[in-house]
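Each chain is listed here by its residues.
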Amino acid sequence: MGAGIPLAYYLVLGTLLFCIGLWGALTRTNAIRILMCIELVLNAVNLNLVALNRYLDPGSVEGQIFGLFIIAIAAAEAAIGIGIVLMVVRRRGEVDINKIRLMRG
Amino acid sequence: MTGAAIAFAILAGIVLLGAWRVVTSEQITHSALFLGLTFVGMAGLFILLQAPTFALLHVLVYVGAVLTVVVFAIMLSDPEELRGPRPDQPLGERLRRRLLSPYYGWIPVVVTGALAVVILVMLARAGLPAVPQGEPVTDDLGVIGREMFTRYSVPFEIASAALLAALIGAIGLTRRDVREADGRRPASRAASEPGHQPQARVAAGEEVDR
Amino acid sequence: MPVLRADELVFILPEIILAATALLVLLADAFAGEERGAGARRDWIGYLAAAGVVAAMVAVRRDAGDPGAILGGMVARDGFTAFFKAVFLIATALVALISIDYVARRGIAAGEYFSLLLLATTGALFMAGAANLLTFYVGLELLSLSSYALAGLMREDPRSQEASLKYFLNGALSSGILLFGISLLYGATGTFDLMELAQQVQQVAGAGAGQWSLLVLGAAFLIAGLGFKAGAVPFHLWLPDAYQGAPTPITAYLAVASEGAAFAAIVRVFFTAFEDAAPVWQTAFLTLAVLTMTVANVAALRQVNVKRLLAYSSIAHAGYILAAVGAGSELSRPAVLYYVMAYVFMNIGAFAVVTALQAQGEGEQLRDFAGLGRREPALAALLVVFLVSLIGLPLTAGFMAKFMVFRALIAAGNYWLPVIIALNSAISVGYYYNLVRYMYVVPAEKEPVPDTPVQVPAPVWTVLAVCAFFTLVLAAWPDVFLRWTSVSTMVMAGF
Amino acid sequence: MSASLPYLSLILGVPALGALITLLLPAGSKQAIRTLGTVALAVPVLLVAAVWAGYDPAVSGPQFVERYDWIPSLGAQYYLGVDGISLALVALTALVAPLAALASWNIEHRVKEYWVLLQFLIVGIFGVFLALDYLLFYVFFELSLIPMYFLIGIWGGPRRDYAAMKFFIYTLVGSIVLIVGILALYFLTGASSFDMIELAQRAPAAVPEALKLPLFVLLLAGFAIKTPMWPVHTWLPDAHVEAPTPISVILAALLLKMGTYGMMRITWPTLPDVARELSGVLAAFGVIAIIYGAFSALGQRDFKRLVAYSSVSQMGFVVLALAAAAGAQAAGLEPAIAASAAQAASSAAVFMMVAHGLASALLFLLVGFWYDRTHTRDFDKLGGMFRTTPVGATFLAIAAFANLGLPGFSTFIGEFFSLMGTLPVFPVAVYAALVGLVGAAMYNLTMLQRVAMGGPREEYAGLPDVTGRELVTFVPLVAGMLLLGWFPGVVMDILNAPVTQFVAKLGGM
Amino acid sequence: MESAWLIPVFPLIAFVLTVFFGRRLGERAGWIGVAGMLAATVLAASVFRDAVASPEGYAASYPWLRIGDFEVRAGFRVDNLEAALLLMVSFVSLMVHVFSLGYMHGDARYNRYFSLISLFTGAMLGLVISDNAVFWLLWWEIMGACSYLLIGHWFEERPNQAAAYKAFITTRIGDVLMMAGFWYMFKLTGSLRFDDWQAWVEHSAGGGVDFTRAMTVAALLIFGGAVGKSAQAPLHVWLPDAMAGPTPVSALIHAATMVAAGVFLIARTYFIFAQSATALAVVAFLGAFTAFLAATIAIVQSDIKKVLAYSTVSQLGYMVMALGVGGYAAAMFHLWTHGFFKALLFLGSGAVIHAVHTQNIHEMGGLARKLKVTALTFAVGMLALSGIWPFSGFYSKDEILLAAYDSSYPVLFWVGAVTAGLTAFYMTRALILTFFGQPRDLHRYEHAHEGGPELTWPLILLAIPALTAGFLAPKLFGAPVHEFITFGEHVAAHEPESVVVLTGTLFSVGGILAGIVVYGLRWISTATLRAALETPYYVLREKWFFDWAYERFVLGGSALLARLVAGFDRAVVDGLVNGVARLTVWVGDVTRRWSTGLVHTYMLTLFAGVVALALLILQVTGGLR
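Residue numbers (the numbering used here), protein chains in the order written: chain X, 5 to 109; chain C, 21 to 230; chain V, 8 to 502; chain A, 10 to 518; chain B, 138 to 762.
Some hints here could point you the wrong way.
Label pairs and their computed distance ranges (CB to CB) [as the list claims (entries may be wrong)]: (1) Leu720(B) <-> Glu343(A): 47 to 53 Å; (2) Pro62(X) <-> Arg730(B): 50 to 56 Å; (3) Ile23(V) <-> Met95(C): 38 to 44 Å; (4) Asp486(V) <-> Leu32(A): 23 to 29 Å; (5) Gly63(X) <-> Asp73(V): 26 to 32 Å; (6) Val130(C) <-> Arg730(B): 18 to 24 Å; (7) Gly63(X) <-> Val130(C): 40 to 46 Å.
Examples of chain V residues toward chain X, derived with CB under 10 Å [said to hold, decoys possible]: (8) Ser151; (9) Ser182; (10) Leu191; (11) Asn312.
For the record, the hints were derived by calculation from the structure and aren't laboratory data.
Glycine included, each C-beta is placed from N, C-alpha and C at the ideal position.
So that you can see chain X by itself, here it is in the shape it has in the complex:
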């Protein structure tokens, strides 16, 4: 299964996903959506890791385990991110990061 596909395809896909995530983070102003874009980025990394694990180092699960840690951390990150967003929301009633700029310079 999947052996017919060159590794590069996975990596290109990962790269595209990564870049879409970054692009999204750059262009959207809703903090929650940026959070989602960050998840896309992490997914891209996971894809890379698992694919590389499968193709280059198939005898081990090192890449997969790293990926699992990323998943776990991503969950934690999401939790705290949502916490922060909600804190902001409660005070300001919005999550448009363009409007949050008390501090600058």
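Knowing the structure of chain X, use the given hints to seat chains C, V, A and B on it.
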């Protein structure tokens, strides 16, 4: 074209479409849904890569935890985007307007595009193999489980500490204060209470404080 | 398969103690009941946390035996780790002490605050002691996640919220970039283990194989990710905002521990794994160094918010340390170590003064310092010592630290960068001395001086005294510390 | 030579101890603080006298050496010693410091801090002249900076904020660069210590040709700014004008000497080849400073600014002479004449430092003398002081003539022999410097006339003349100028041996 | 002669005593100076007697300063010339001191005055016997400083300040050139001793073009000092203005001390000049020019002291010219005699001023009736200056004219002769306008009276040498002048020529007669003359525009330069410094704006940074190729 290739193409399409719509959907709820789609596509890819355990855990955590939290947040935050669709413009018009605005348009495109090009060029040069250089671990659940609790036990503990920290943090940030709920401040500290003065200071400093 | 040995746990005893104390603090706070009423300062929580840190400090093992990786190859056992552990623990203890009064006066929930602080430190310790990119990553995230939360713990202060949000968004993205870099490295070498990585890098670099391009790209992403943590330009823009908004002790903590951990990781990763690919990262770090220090120093010149000013200052110092890293000479590592250590004392010292003032609602703005020289001579004089040290004038730790950086660079035959650092130091006088000016020189007509005395609590005095003592001693009798730094690098795993 | 007591450490230690004790005194006990400070700064006079008495002029190396490990892992040592060159300047410091202390008695604002800083400042200055370890030297070199900032910044005039900052940053730029140079030297020579003498010996052979010039610039910049050489001198007038009188005295009399001393002690001997190659340029800078300083001084309407610019001009002679010393061997002269010219120029350079120290100290004291009484330094508002305060004005006349290089005063010896030593090497520079000599006469006499001559002004009727304390500050300086003017051998004799060595090094011998 | 060094010491002791005790003693302090001078004079006389007895002279020196192998010794030397000068200087100065006792009576700064003239005299005496350049310069400059302070004695008035300033600065211009000359000689010889120089010059004499050129350079530089101190054109402008000081000071400066030093400088270093024909020619012509120039200006001065001042300039020019044409002995002899009679004239004018309180000769007239002693002695001085036999001036001037006549530039002889005529003319004018005719200001005339003995006795005592020094000199010296004052073997004695004597006398007598015709008998009205010679008169009144040039170029130039430099310093040099600072801050402000507060900016920068970093690393590692 093998079945695997077709599967890959479909899954890749799903993932990319999902990712694209996560970014571009007008409504944030749609984004969340497309994010879920992406996750599922990703799981398919993992299965294609013969990592079923990973795929499973991926779906469990991402869909079961992350996505839930995100949706939860969307509901709680009640942002403007949630209040209904804006008048839909044709895609071409939207794209044109987007690309013309530098800050949210072409500059990010150029930057991420450049990044993509750099990565892709490097990937092309890497001489990556077309086929796996061996067979995958058969009992991946078992191996992962064993490794996780032996060799990787320290990182595992750290990760759990991270989760704990996230928990404390999330609670600490969002919890309503008792005093706040009471609507009054402790009398004895009112004088030296920073609550008043810092705010005043901050307000005063706002103009100069750039 | 590496065997996990329980007796090796003694080497991560400090981390265990820290995490346990974090839980203890949390539970104690929870079970202490609801008497959150009038005058209920929970100062004891802070002291408990500080005690835990001290206990962890005691547990730091310097007699590491053979340097190497332990606990499944995840954790490094060497003097380098011990050094950074000691430094971070000292920093945390100091920060904990200056937090106590601040937390109480600002209405920050002490339980969360201190447990997060301890957890963050745990992460920092693991970062410093990582022998595997995985340990490094989870340690980093533990530190980061705690920091995001800590920055926002003054949840009624919009600036604190904003700091937290900005820090989080930028931090999460940058860790995505870091991870992508790690995945590329994995693609190039097939391992996360630093020592194996070193071997692979050696092979790849020697063979000029196709993986080289992945390796290089991965290294670039890794540098960016670590540079973000360290506050290197152009990855620094989050930093002033986060530092300004965060609770002041946390600002101090971020400046010394978070930045320090980043440098520990940088040294660990690049001097262990990438030693044979020095050209890959040396130029990068040198370029970043120049950019970082220059941009930070000029941008700080006209800051009127002291925390923001010190934030830029910490960026500038990151630039100096990066220069030492980029020197890539034998003397680079001692320089980095020494610098981080010196920076802990001088920077926490400076922040302690700000904290002391802030506890009564001042100290955020430059003009709050007007006439401090007369109002509170001792406090002002101590701040001068710290600022002078931050500038890098002799007889203060900052001088020896810069001296070490110069030494590392010049030993590597780099003469132009020291000159740039020198000019930067001179520029930095422009803003550090702004504080001094306000304290001593700016006439009272211009800036009215409040006649209320500054109430400095005892723990802050302790911190000030310790910081001042070490700031001076590190320069006047630096020998023992210099020896320690050089010994600590010599026994590093992989060398 | 008895090394029974660590004299040099005591010279450093007494004022330092004084400062520490002052810290412990209550801020209100002004008289005690002043007395203690003055005593602490006066004791080094005795110590220096003892050192002078025990100094063997025939020996060229450092004497009264004290050498202990300080930072063994870097090779830095606590290494003190004097040779004739440093002894002359140490003696100058020992003389001027107590006078500055006496002149500080009328400072009423934040007395305690003032005296602490003053004593630390003097420690730094002594240290610079005593240290023989580069790192130690550097520490002292910078140590003098911080107290100076505060002394100008807190006790200065209306623009003290600007002046103090300018002084601080300006001189800091130079001195930080210096440490780069020192380290470069350390690594290039492969030395295991920061021993100045050793490094200087090794440097010419060890430093690659391509690096010599940059290294020279690094080692020069800090000293050039401190001296100050033209065109990096503009911090000086501002600092002087704003500084309180005693601090101006120290600044002009002592601090500037650190620059030229550094050139002589470090820059020149370390890279004699470069010094020789650049001697023409350096001489040009020296001459420009002489002329430019003189005419800038002439163009001032502020008493203190004039004196400040006169320092620029006077220090130009030192730079010119040092340039000549460096270039003498390459000027195609007869060897005997070249050696003798270089010797004369170098000795005169040191002598000039001392002489300028005395003259400028007196001038600044006098500026303060009238400023205290009239609260102005504007020439248009001064005048007739020969009638109003005849004794003070007489001292001004003495100072003016001493400063313009009247024989019989020490400045003359310095100028005469420095230019004498320079003429064989850079004749054109000397001919140009003549303009500066005339200019010196012009500005000094203009100063004298505008302050002291003319009819008595009504608003200053009844100004008190020189008080006893002021007299005590003026007289030693005049005595010193006359002593050295008539018996220059007092200083020159101790200079001979070290300067001979210095010249030999410059000649590559 | 071994004790010759004590001669300057006495006045210096007097100086020190006056400084420290003068205030307590009040006007008695003047006697300290007189006593000091008396001692010096007695000692000088004894030294002179010794010198006459032993022609080889005496020199001694002691270690003073050693710089490496280079040594400066403190020494003194007394030769015939020095002995004669010592005697003249100390005697004249003694007279001035005594005169001052009366003249300065009641002055507010009496002590200061006396201390300074003692120092002044001491410096001159020290200069005469010094044997090396350093001590020469020492005394030389101290005189300059004293002259500054004495000319500015009444410093309340601005013109007096300006005069003092002018005196110091113009002489300083010469001084620094002289110093350069000394340094130049050091470069050549490695020594600062006059005797070493002489030995070196004589040893290397005939050393070719290089040597001659070096000698020319050295000579001309040193000559600069003489030009300044001895008031040669164009640096003579200070001297007439220096009349702003008290009159006895003028006597001291112009007769005995400062101006003599300049001429003496040339004599002292004559061995250098002798090696360079060019230098000698410059000296000769400049001297002649100055002599003529000053004599012409003196004609139109109405201030009695200015007349004398210009006459001094003129006479100094005479001496310098004499040195230029090889009349070494003649010049020195004239210096010697001139000292006496010029002091006499100045003190005489001082007595007049003391009596009438004006310096303008047009406000005087007929004073001979009231001031008999003064008039008589002034006439003696005038005749000596005019060079009328048998007054002292005749002998010395005759020698100079003789030297000029014998030289390779005979034209100088005629210039000298004409100048002699002019000198006689203006001195006659001054004498007649002051002492004869009708008083033009009756009020002043009424109040005029002869001063006390301290004023008259110096006049009388000075009149004696003014009258007799010429013909008594050979007896006094025990030898003809040119044998007593010799310069090596180069200068042979000039045989007296009757043509010269006759021509000189003719011009002098002619000048006197013309003076009598115009001012005494008034056969020709001065107004007519003025009208007829309008342009020359204007030029003379304007002093040949030298003062104008001084104001314009030296004062105006330096002020302009000072303004320019000070402005440049503030605007450009300091402006650059402040500009750099401001630029840095500006860059900082721009950089600060980068931190917009928008998360997007931050992330965008971050990503762009990643791209740039990746490209940089790839570039460095060659990954882009």
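Checklist entry - Looking back at the numbered hints, which does the structure fail to meet, lowest number first? => result none
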